[in-house]
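Chemist: Chain by chain, the residues run as shown.
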Amino acid sequence: DIQLTQSPSFLSASVGDRVTITCRASQGISNFVAWYQQKPGKAPKLLIYAASTLESGVPSRFSGSGSGTEFTLTISSLQPEDFATYYCQQFNTGPHTFGQGTKLEIK
Amino acid sequence: EVQLVESGGGLVQPGGSLRLSCAASGFSFSSYWMSWVRQAPGKGLEWVADINQDGSEKYYVDSVKGRFTISKDNTKNSLYLQMNSLRAEDTAVYYCTRERGIKHSGIWYPSSDIWGQGTMVTVSS
Numbered sequence: 030d031i032q033l034t035q036s037p038s039f040l041s042a043s044v045g046d047r048v049t050i051t052c053r054a055s056q057g058i059s060n061f062v063a064w065y066q067q068k069p070g071k072a073p074k075l076l077i078y079a080a081s082t083l084e085s086g087v088p089s090r091f092s093g094s095g096s097g098t099e100f101t102l103t104i105s106s107l108q109p110e111d112f113a114t115y116y117c118q119q120f121n122t123g124p125h126t127f128g129q130g131t132k133l134e135i136k
Numbered sequence: 002e003v004q005l006v007e008s009g010g011g012l013v014q015p016g017g018s019l020r021l022s023c024a025a026s027g028f029s030f031s032s033y034w035m036s037w038v039r040q041a042p043g044k045g046l047e048w049v050a051d052i053n054q055d056g057s058e059k060y061y062v063d064s065v066k067g068r069f070t071i072s073k074d075n076t077k078n079s080l081y082l083q084m085n086s087l088r089a090e091d092t093a094v095y096y097c098t099r100e101r102g103i104k105h106s107g108i109w110y111p112s113s114d115i116w117g118q119g120t121m122v123t124v125s126s
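Read top to bottom, the protein sequences are chains D and C.
Residue numbers for the first sequence follow the working numbering, so the first one is 30 and each next one is one higher.
Residue numbers for the second sequence follow the working numbering, so the first one is 2 and each next one is one higher.
The set of hints was computed from the structure by calculation and includes no laboratory data.
Take the hints with a grain of salt, since some may be wrong.
[Claimed, not checked] Derived pair list, reagent style DSS-like, types lysine-lysine, alpha-carbon separation capped at 27 Å:
hint	chain 1	residue 1	chain 2	residue 2
1	C	Lys44	D	Lys68
2	C	Lys59	C	Lys104
3	C	Lys44	D	Lys132
These numbers come from a predicted model, not from an experiment.
All chains, full assembly: derive it from the sequences and hints.
Modeler: What follows is the structure in structure tokens.
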């Protein structure tokens, strides 16, 4: 199975900061990566698919990049509603594994 | 409104069975792959299984193979997860998701674009 490792696992930041979360795959997965945001007690929400395509309705401060084994999710200017946990998921090969998550907290 | 609503969760003893349902509305259910994703308390997301549009292809994570069965009824716009031989480690919130494929440059890129609210399964004596 393909393993996805996110770094960091915890991130403390302030409103207005630029933050980057990295997702590394144990083998090449082209750009078959999606990113999700999850808030406590809620279902995950799709942010980005195909590694870099912004889902409709998602603010443009979110962006994704990468191909092969390394991917990034960047939030250009943190807003209060962005404090949540973020997950990457690969769709290159079954099972469609998730990263372990990155919890973004307010500093 | 596009919506997925799960039901069927509850408390079950180890070794027991449970059947989860997911009712879909607001989209052409028969045109989509569907999946189940679970989340143990305080833990991350784990993809469990998915099924293609007509139910002829099914895939599972190794930890549930032989115990769980995914199915769908396109006449009822419903997705199911039959869970047998349940273990304590199956305790989780189970989410139903729609796996949408978007075509870019001739390649289909999947993602789970719609999620239900989840249903809690607790396996305990």
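Chemist: Are the Cα atoms of Lys44/C and Lys68/D separated by 27 Å or less?
Modeler: holds (13 Å)
Chemist: Going straight from one Cα to the other, do Lys59/C and Lys104/C come out at no more than 27 Å?
Modeler: At roughly 22 Å apart (the allowed maximum being 27 Å), Lys104/C and Lys59/C satisfy the hint.
Chemist: Between Lys44/C and Lys132/D, does the CA-CA distance stay at or below 27 Å?
Modeler: Roughly 11 Å between the alpha carbons, so the hint for Lys44/C and Lys132/D holds.
Consistency with the previously given hints is maintained throughout, with no hint failing.
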